[in-house]
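Participant: Sequence:
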Amino acid sequence: MYQLNINGRDVEVDVESDTPLLWVLRDELGLTGTKFGCGMAQCGACTVHIDGAATRCCVLPVDSVVGSQIKTIEGYFPSHSQMPWRTGVP
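For the sequence shown, this note's numbering gives the first residue as 334, with consecutive numbering after it.
Hints are computed from structural coordinates only; laboratory data are not their basis. Positions of the beta carbon are idealized from the N, C-alpha and C atoms, including for glycine. It is possible that part of the hints are untrue.
Distance windows between CB atoms, simulated [unchecked claim]:
#1 375 with 345: 25 to 33 angstroms
#2 343 with 371: 24 to 32 angstroms
#3 338 with 410: 24 to 32 angstroms
#4 376 with 334: 27 to 35 angstroms
#5 397 with 369: 16 to 24 angstroms
#6 341 with 365: 12 to 20 angstroms
Taking the hints into account, I'd like the entire structure generated from these sequences.
Facilitator: Here is the structure:
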């Protein structure tokens, strides 16, 4: 069982220690804004912010982010309709 802080919320997940953070976000927590791309941390589709630093999470084990502040796209735009490409950029 791991306690994580995601988008300012404390959550608990019961997964294996080597489970990539990407799959915890998508499969366990339903945060599907972070995408799977290459699976090698090269393309950037899986980028989240961990303690303010852009980090690719498709190969990052969940046990390495315990105690960190994790922010996903949903943390920046909680409503799909708030995303800039939906509302237009002046």
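Participant: Using the Cβ atoms, figure out if residue 341 sits within 12 to 20 angstroms of residue 365.
Facilitator: holds, 18 angstroms
Participant: Given the hint of 24 to 32 angstroms, is the C-beta distance from residue 343 to residue 371 inside that range or not?
Facilitator: holds, 31 angstroms
Participant: Cβ-Cβ distance between residue 397 and residue 369: within 16 to 24 angstroms?
Facilitator: Because 19 angstroms falls inside the window, the suggested range holds.
Participant: Could you check the hint for me, namely that residue 376 and residue 334 are 27 to 35 angstroms apart, CB to CB?
Facilitator: holds, 31 angstroms
Participant: Residue 375 and residue 345, beta-carbon distance inside 25 to 33 angstroms?
Facilitator: holds, 31 angstroms
Participant: Could you tell me whether the CB distance from residue 338 to residue 410 stays inside 24 to 32 angstroms?
Facilitator: violated, 19 angstroms
Hint 3 from the earlier list is the only one contradicted by this structure; the remaining hints agree with it.
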